[in-house]
Amino acid sequence: KNQVEQSPQSLIILEGKNCTLQCNYTVSPFSNLRWYKQDTGRGPVSLTIMTFSENTKSNGRYTATLDADTKQSSLHITASQLSDSASYICVVSAAAAGNKLTFGGGTRVLVKP
Amino acid sequence: EAGVTQFPSHSVIEKGQTVTLRCDPISGHDNLYWYRRVMGKEIKFLLHFVKESKQDESGMPNNRFLAERTGGTYSTLKVQPAELEDSGVYFCASSHTGVGYEQFFGPGTRLTVL
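Chains as they are written, first to last, in the numbering used here: chain Z, 1 to 113; chain A, 1 to 114.
Hints are computed from structural coordinates only; laboratory data are not their basis.
One thing to keep in mind: the hints can contain errors.
Here are the simulated SDA-like cross-link-like pairs (lysine to any residue), alpha carbons at most 25 Å apart as the crow flies [unchecked claim]: (1) Lys41(A) to Ser74(Z); (2) Lys100(Z) to Pro107(A); (3) Lys41(A) to Ser10(Z); (4) Lys1(Z) to Met50(Z); (5) Lys44(A) to Ser7(Z); (6) Lys100(Z) to Ala2(A); (7) Lys44(A) to Phe30(Z); (8) Lys78(A) to Arg42(Z); (9) Lys51(A) to Ala94(Z); (10) Lys41(A) to Val45(Z); (11) Lys17(Z) to Gln72(Z); (12) Lys41(A) to Ala86(Z); (13) Lys54(A) to Gln3(Z); (14) Lys41(A) to Asn2(Z); (15) Lys41(A) to Lys17(Z); (16) Lys41(A) to Leu11(Z); (17) Lys1(Z) to Pro61(A); (18) Lys41(A) to Glu5(Z); (19) Lys100(Z) to Phe7(A); (20) Lys57(Z) to Glu102(A); (21) Lys44(A) to Glu15(Z); (22) Lys44(A) to Ala86(Z); (23) Lys54(A) to Ala94(Z); (24) Lys57(Z) to Tyr101(A); (25) Lys100(Z) to Thr20(A); (26) Lys41(A) to Pro29(Z); (27) Lys44(A) to Met50(Z); (28) Lys41(A) to Gln38(Z); (29) Lys1(Z) to Tyr101(A).
It should be emphasised that the depicted structure is a prediction, and the values quoted were computed from it without experimental measurement.
Produce the complete structure using the sequences and hints provided.
In structure tokens form, the structure reads like this:
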């Protein structure tokens with residue numbers, strides 16, 4: 001069964017600090033892994049997308065890593081800002097499945113001043 | 001370019017009633033997806049349209065759910081009759097065709113069944 005597990009479920013950090021979110025997956029066959037940011041009351045917005053051959057990708061202060069051997073990914077947020085408060089969702093796409101996405105439960109990040 | 005839009009943003013209905021959710025994808029996107037997030041759970045796939053055809057409806061929970069995409073433009077998702085466990089947020093997403101194309105999500109419709 002395809003699954004995506006994220007940790008921690010939630011975290012609180014002070015503005016300006018860094019944090020790292022974790023994602024483990026068992027989706028097979030693997031196509032790509034995406035990190036989404038979801039603000040309250042909004043739909044998810046893509047931050048990064050990585051294929052099998054990519055092991056790191058950055059989008060501003062967001063840096064995602066992928067280890068396809070261990071089936072793990074992380075999302076690092078550098079110098080957090082108040083606007084980073086949101087849920088961050090790890091999503092894995094299975095090859096030959098019509099680009100169907102399997103979602104993790106998300107990590108809720110709260111950045112405090 | 002306008003994003004994916006969904007209507008209504010919120011719907012509160014009583015058990016046994018019918019509700020129809022609408023999704024307008026980004027213009028030119030052949031792929032349209034419906035997802036659902038129930039309280040405390042992860043977002044789950046419901047079904048996938050390519051133009052007006054259902055490509056994959058393996059995530060539809062039961063036959064009380066009916067999705068249509070007449071003409072390959074907007075899509076509707078009807079729940080009839082609604083049950084308490086249907087409460088949640090229903091997301092629609094659209095994309096171009098091809099592996100790796102980003103799916104753009106709408107803001108979701110929050111459905112509450114009382």
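Check each numbered hint from earlier against the structure, then list the numbers of those it violates in ascending order.
-> 15 and 21
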